[in-house]
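Q: Assemble chain B onto chain A, guided by the hints.
2 protein chains.
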Amino acid sequence: MKNRVTDILGIEKPIIQGPMSWLTDGKFVGAISKGGGLGVLGINAGQSEPAKTVEETVENMRREVRIARSITSNPIGINIIPTVAGFDLYTQPMLDMMVEEGVEVAVMVGAFSKEWTQKFKANNIKIIYRGAPTVEVTEEAIKGGVDILVATGFDEGGQVPANVIGTFSIVPLVVDAAKGRVPVLAAGGITDERTAKAAMALGAEGVFVGTAFLASKESRMADNIKDALIKSDANDMLLYRTQPAYYRSLPGELPNKLAELDRNLAENEEIYQASNPASGMRNGMLYGDLSKGFASLGLGISMIHQIDSVEIIIDRLMSGIE
Amino acid sequence: MKNRVTDILGIEKPIIQGPMSWLTDGKFVGAISKGGGLGVLGINAGQSEPAKTVEETVENMRREVRIARSITSNPIGINIIPTVAGFDLYTQPMLDMMVEEGVEVAVMVGAFSKEWTQKFKANNIKIIYRGAPTVEVTEEAIKGGVDILVATGFDEGGQVPANVIGTFSIVPLVVDAAKGRVPVLAAGGITDERTAKAAMALGAEGVFVGTAFLASKESRMADNIKDALIKSDANDMLLYRTQPAYYRSLPGELPNKLAELDRNLAENEEIYQASNPASGMRNGMLYGDLSKGFASLGLGISMIHQIDSVEIIIDRLMSGIE
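One line per chain: the protein sequences are A and B, in this order. For my numbering, count along the first sequence from 1 and bump the result up by 9. For my numbering, count along the second sequence from 1 and bump the result up by 9.
Isolated chain A (complex conformation):
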């Protein structure tokens, strides 16, 4: 299959893995890129402890890039999160490393940075941008030079959008705002043939997939969380307020407490602090300890009934796209 997304990224199938920090590594990302999609190394990819210096962060990432490269010569991506100018210690060293290693794609999240978009593109690195799914941000990002946009719906896992707009409604909104200038990827709840097909019907030209890939043999997610995932459906997920807006988790000792704080009208900041923000994802999803962490998954878990290889997952998604 060929379309604008595959052409821009130089990949075979318009399936882009959403970066998921600790839960990614070179093996996982390499498997997805080998399968024809785009694997993307997240912040802290392959690590068990946070790096202590910028240099260590970049060298850790370089090691995971090389592991992915040992699996496939297909394009791969790295997640970048440019922060406020002057306080951004990471983005330039990461760009330098990406150029040295020939990494093809940057997945930029957070506030839109025209400066960094231009710098990456000047180094032949394509930019996929995932920011607030509004008409205004879409316009800013396209004028600023992004290659591909992600429209994220509230059906996703992780830090869900503050606007609480489902995938069903946000994809056509962003597609219309883009006016055909760049292709749009749909994110949030895409886990099977039907949801992949629906994403394309809504106007997306590719899919941005997190949870479905976490439910793979190759992912680093803890086995007990994989087990809980395949036994759960969307109605089992807990939703609670936090900073900046909302979070979702499988039930467990800590998530139950967070949901209770929400019901009791605790301040968002109090719920955020109680969630162990620095280590909650790692504890819950990498180590599988829901007494000290949370397990955020997308609402598409209802359609996931077994842990398959990345290759089978890509085939399933593609059968809805083609």
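Treat the hints as calculated values from the structure; they're not laboratory data. Just to be clear, a hint being listed does not mean it is correct.
Since copy identity is lost for identical chains, a pair holds within one copy or between any two.
[To be verified] List time: in silico SDA-like cross-link candidates among lysine to any residue, alpha-carbon distance up to 25 Å:
#1 Lys266 to Tyr255
#2 Lys235 to Asn172
#3 Lys240 to Gly119
#4 Lys11 to Asn244
#5 Lys152 to Glu279
A: Just chain B now, kept in the frame of chain A:
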């Protein structure tokens, strides 16, 4: 087009209008049924003040039925909300009237009632049931004899589901739970060709449409709210807690106050009372006064750019379904 939904209901197109209380009347419902979909009279259809007795309620509804009948001989529906046994004064008189007038379909909302499902079916009235979109309620309703189920996503307008699961994720969940025994309609955000197509891709066999029909020439919604609708997108909608869970509205004096109460962590009950629950929808959407009411619309408003006739709206939706 023929499928299970059109066969069961005896209609031409699998497009069912969601009942919207005051905002419906015989003229509007007749136009939708004449167009080949199923028009459905909501509670308080055609009225400007609440009826004072059960008899008056039923006779008001009979009048609207006859107005719809004067427009088309195609099937029409009436919204019923059976309440706790012993306190339910309305359902039997409404059933009697429906039998007398030959009304073909009841759209039942709220807690599932097996007793009323059986009574309606014994009188050759088909039952479309819209309840909590869970595996358990789906099983109960199918075993209890419903003809068609509605899977409602958080993208809808009105009193949105407490589980905060988007249309994109809830439709395949309910379709899988139904296991092919009854067809499922998708509700929440279906306003254009793309969203209708996506609903069918997700496994629905028809669409349940509210907001798109409110944006019609035939609807009773106030002109200033129609104007605001076509100028707004999903990101403009305010979301606030209330009883039993959440509500959404276009901005305005009262809705802004309700959203502020939510931000200030007021109790759900306090926000509910502040919303003028008895008259807020009528004030806001029938009279267009957002100082005394609210204007709840689905997140599919982003794709609505003009006020068309019901006939054109049905054609647009069907172009995604066929």
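Q: Now tell me, hint by hint, if it's right for this structure.
A: Now for the hints, and whether the structure bears them out:
| no. | hint | result |
| --- | --- | --- |
| 1 | Lys266 to Tyr255 | both (15 Å within a copy, 21 Å between copies) |
| 2 | Lys235 to Asn172 | between (29 Å within a copy, 22 Å between copies) |
| 3 | Lys240 to Gly119 | neither (32 Å within a copy, 27 Å between copies) |
| 4 | Lys11 to Asn244 | neither (36 Å within a copy, 32 Å between copies) |
| 5 | Lys152 to Glu279 | neither (38 Å within a copy, 45 Å between copies) |
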